[in-house]
Amino acid sequence: MLARPPKSTASSDELLSCTRLARWRSFELTDTFPPAMAQPEAGLSPQVQEQLAALQLGSRTLIWLEGCDVRAARGAVKLAEKLGCTVHVGESNGSRSLKSVMASEGWLGTTLSEVSARTELVLTLGDGIIREAPLIAARFFRSVTRTSQPYWLHLSPTRIVAAIRGNVATPNEIVHVPRADWFNWLTELAMCLQADRAAPDSAPTVGLTGESVKLVANRLRATEHSVWLWDNDELHEGTDELIIRRLLTLARQLSETRRCALLPLDSNVGRVTADETLLWLTGCSNTASYVAGQWLTQPRYSGYTLADWEASFDAIILVSNLPTMKSLPNLRADLLMQTQSLNEPYALQVAAVGVTDSGHLFRGDRGTVHYFPALQRGVAPTAASVLSHLATTAQAKTMEVGSATRT
Amino acid sequence: MLLELKNCRVIDTGSKVETGLTSVWVRDGIIVTRPPQDPADNQNPADNQIDLMGGLVMAGGIDLHTHIGGGKVNLARMLMAEQPRSRNTSTVWPTVRNGELYAKMGYTTCFEPAMILSQARHTHLELADTPLLDTGAYVVLGNEDWLLAALGKGLEDASLRSLVAWSVSATQALAVKVVNAGGINAFKFNRRALEVDEPHPVYGVSPRDVIRRLSAAVDDLQLPHPLHVHASNLGAPGNIASTLATLDAAEGRRLHLTHAQFNCYSGPFSSDDVGYAMGSGAEQLSRYVNTHPNISLDVGQVVFGQTVTISADEGAQYRNRIHAHPKRWIVSDTECQAGCGVVPMRYSDRHYVHSLQWTIGLELLLLIEDPWRVFLTTDHPNGGPFTSYPHLIRLLMDRDFRLAKLGEIHSQAAQRSVLQEIDREYTLEEIAIITRAAPAKILGLLDRGSLEPGKRADIVAYRPRADWEDTFSQAQLLLKGGLEVVRDGQLTGALATKATLAARPAFDSSDVRHWYRDIESWLHLPADSLSISDDELAEIGGLAAARQQ
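Residue numbers (our numbering), protein chains in the order written: chain A, 35 to 441; chain B, 28 to 576.
One chain only, chain A, in its complex shape:
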């Protein structure tokens, strides 16, 4: 889940096997940063300034942060304050469900290094985590700070886990649980463990339908420190919030006498970064509107679909200054800006964090923030400078309107 660290402690063999890194590099070298873009000029050209000035931005503008560094998120918040408009972090359903559970119940969490250091039983839920973080298992099993290796139990919805092939480490055990059964399966697991706690000498088996439940329950009973790990986007269905709640119940239940934690990883570090920055600048999570001089969470925006967003605003500025691993279905996330205020969407290429711009990004577990210095200088303006320019322009427009009124 670590996006392009300054340098890695992983071995070169491991890095070569990392499909995610390979995809990142291919994006970097081809689509996103073609050699033709390598110009020395990094500021806003007069032509660009003219185009930006033509944008019709106001209080019905939505600034959609698809994925960006701290500086760009700060710029977006500043622009929204000038316009009196809304900032939204383009989160996934899985991320939204997770946040809903955390805000309503709380959390029992951990971070990557903790898992490497002392977790005895790692339970991965779904194949997404293996696909999105191919090096993560190696990280857990390479630890030199522990005397015994963790036991890796993978719960897979598929009988053939193709994604695991070619990875450096493989699970000790794969338990097949059909995707549609996850909630019931976890509920049975919780009931099994609860019953065990009430009567440790006679763990009931009546009513349990799957051997897999008993198998995992036995593993958990024999373990002092366990972690449930999954990719945030794995639990993207509308009802998956219930699965997250059930996992939290399990973790709390086990933590009465042992240690158990939950670790959902977000593969979109730019989204995590935008969300964290928005939170400390506005006090609002995910969506924040600047109304009458203060930041507000508008409840009506909760659960908006993409179509709802597009219908509710006159202009949408889409911000992304990271090479993206995958596009959202309907948004061109590889562009900085896309606005409906012009007849044709307007796109402006900006510098990419860690390549042609320096920036700060959170890790997918939010356990640390990395600084990514630019590897080369000046190919395009930074997202922050564009947003700052728009904020300045917005201020100037406001002043013009003000003087016209007075006149």
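If you are wondering where the hints come from, they were derived from the structure by calculation, not from laboratory data.
All of these numbers come straight from a predicted model, not from anything done at the bench.
Certain hints may be false.
[Said to hold, decoys possible] Per the computed footprint, the stretches of chain A lying under chain B, defined by three or more beta-carbons under 8 Å from a beta-carbon of chain B, are:
| hint | region |
| --- | --- |
| 1 | 86 to 97 |
| 2 | 118 to 130 |
| 3 | 133 to 140 |
| 4 | 172 to 178 |
| 5 | 306 to 317 |
[Stated by the list, open to error] Derived EDC-like pairs (lysine to aspartate or glutamate); straight-line CA-CA distance at most 20 Å:
| hint | chain 1 | residue 1 | chain 2 | residue 2 |
| --- | --- | --- | --- | --- |
| 6 | B | K354 | A | E290 |
| 7 | B | K468 | B | E452 |
| 8 | B | K33 | B | E566 |
| 9 | B | K468 | B | E456 |
| 10 | A | K112 | B | E127 |
| 11 | A | K112 | B | E566 |
| 12 | B | K432 | B | E452 |
| 13 | B | K131 | B | D497 |
| 14 | A | K248 | A | E207 |
| 15 | B | K354 | A | D348 |
| 16 | B | K468 | B | E127 |
| 17 | B | K33 | B | D74 |
| 18 | A | K116 | B | E127 |
| 19 | B | K432 | B | E496 |
| 20 | B | K354 | A | E207 |
| 21 | B | K432 | B | D515 |
| 22 | A | K116 | A | E275 |
| 23 | B | K33 | B | E452 |
A virtual CB, placed ideally from N, CA and C, is assigned to each residue, including glycine.
The hints should help you fit chain B onto chain A, whose structure is shown.
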């Protein structure tokens, strides 16, 4: 540019005591003496004058312990963000709001006291977005697996000093804090408590060892601020014993006990006291502080109302989860260095323990004789919001008001408290000490904390009002570095420059190479990627150069 603040009632410790109204002079952001005037020239030498009409004039306030930035604060914001607006009385405000509220109250410098290596960048990013304040942070040590393992194997003093110095430098910190030494780490191995002399279940080192070794390292490095200690058994009945043992662990070296109120509970009085098992340890702790000049403390005063508690002491917060209000809480292990616990709390004056906590904080402030070694804090937001400082100042300065409030709390707590017997009322000079001069002194901030010529022109004026709470609630005028940022309780819109205040202990980089290897093996990250350079710090917030020690 020479500015005269005239008709000031100066309340200060460093400058010459003036009995009547006088002027304070400022030139280019620095307090100066009145310039000599040509007798033949009747012109006032000032380029600008502000008439404060008898306002109380002090140095800008300094809060040495307030949780206003970093990962756990943002978690608390997230936990409270989705509360319905009508019920959202969260005290974890956005960074901008924090800066504005502090400024309106006359504060100019604040310190985030809990920053771990891995989250130092996050902390500085938030502090950079906190306007109108100079800020700094304390790096948290004492629960890292690599450090505990090394201490358990008899780590040499020189090597420990190198690690401490590197940690301070790498994170651009001003001081070193220990949170429940070894106890957070032990919780990760499912040990629910670790007594001061109990060996860590894996590494063998005891909390006493950790405190003793780290306080010695901090002293040897001549860091301006002593080791900042969050003691073991926070919030547990009877924890005064382990608190005093923790202070003893310093073996006469400087040590600062933080949010002492939460570590100042006597044990059960008798078997009849079921339900009222906790009592006040304030007299014991005050006696100790009064007879040990190496010890200072900040209080962590409880204020009644809704707040959110946030701490790196995840074990203590896990215990506290049963008191969560509303019923939601977060506990997390963090990067082999510490933990994080977020538990919302509503302190009620109808509740015995909350009332007891309220009395203990005030008892400490009133029983400790030397105002240079006791500091007014709420451990924001843990005891309550920093915006309650004016109310607390009134409680300290006005005995009648204090007794009236004592009559409103839980009767059992009121009866047991010695507050009824305490006549002391703080003077204005003492308020200036505990909120300005003493924090500056104990943090080594030689350029602020008083109105002496040569100090930074961080100056606040308060218009005297009906009571002290009203008086200190809003600044009549606040100058930050000579720039007027607040007038009549409202922000002027001027953006004062900010600085990050950091210490620079000397160390040889070759001495920390073996630590790099250890840290990398635990974190699976290049250790040097944890270091924040001056250039990066500037990029984080366009901050002024860090302070040189």
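The hints, checked one at a time:
1. 86 to 97: This one is violated; 0 residues, fewer than the three required, reach chain B with a Cβ under 8 Å.
2. 118 to 130: violated (count 0)
3. 133 to 140: holds (count 7)
4. 172 to 178: It holds, with 4 qualifying residues against the three required.
5. 306 to 317: holds (count 7)
6. K354/B - E290/A: Holds, at roughly 17 Å.
7. K468/B - E452/B: The given pair, whose Cα atoms are some 23 Å apart, is violated under the 20 Å limit.
8. K33/B - E566/B: The hint is violated at about 39 Å.
9. K468/B - E456/B: Satisfied, since the Cα-Cα distance of roughly 15 Å is no more than 20 Å.
10. K112/A - E127/B: Judged against 20 Å, a Cα distance of about 16 Å means the pair holds.
11. K112/A - E566/B: With a Cα-Cα distance of about 17 Å, the restraint between K112/A and E566/B holds, given a limit of 20 Å.
12. K432/B - E452/B: Holds: K432/B and E452/B sit about 15 Å apart, inside 20 Å.
13. K131/B - D497/B: holds, 13 Å
14. K248/A - E207/A: Judged against 20 Å, a Cα distance of about 14 Å means the pair holds.
15. K354/B - D348/A: Roughly 40 Å separates the two Cα atoms, so the pair is violated.
16. K468/B - E127/B: violated, 25 Å
17. K33/B - D74/B: holds, 13 Å
18. K116/A - E127/B: holds, 18 Å
19. K432/B - E496/B: holds, 14 Å
20. K354/B - E207/A: violated, 37 Å
21. K432/B - D515/B: violated, 29 Å
22. K116/A - E275/A: violated, 36 Å
23. K33/B - E452/B: violated, 29 Å
The structure fails to meet hints 1, 2, 7, 8, 15, 16, 20, 21, 22, 23 from the earlier list, while all remaining hints are met.
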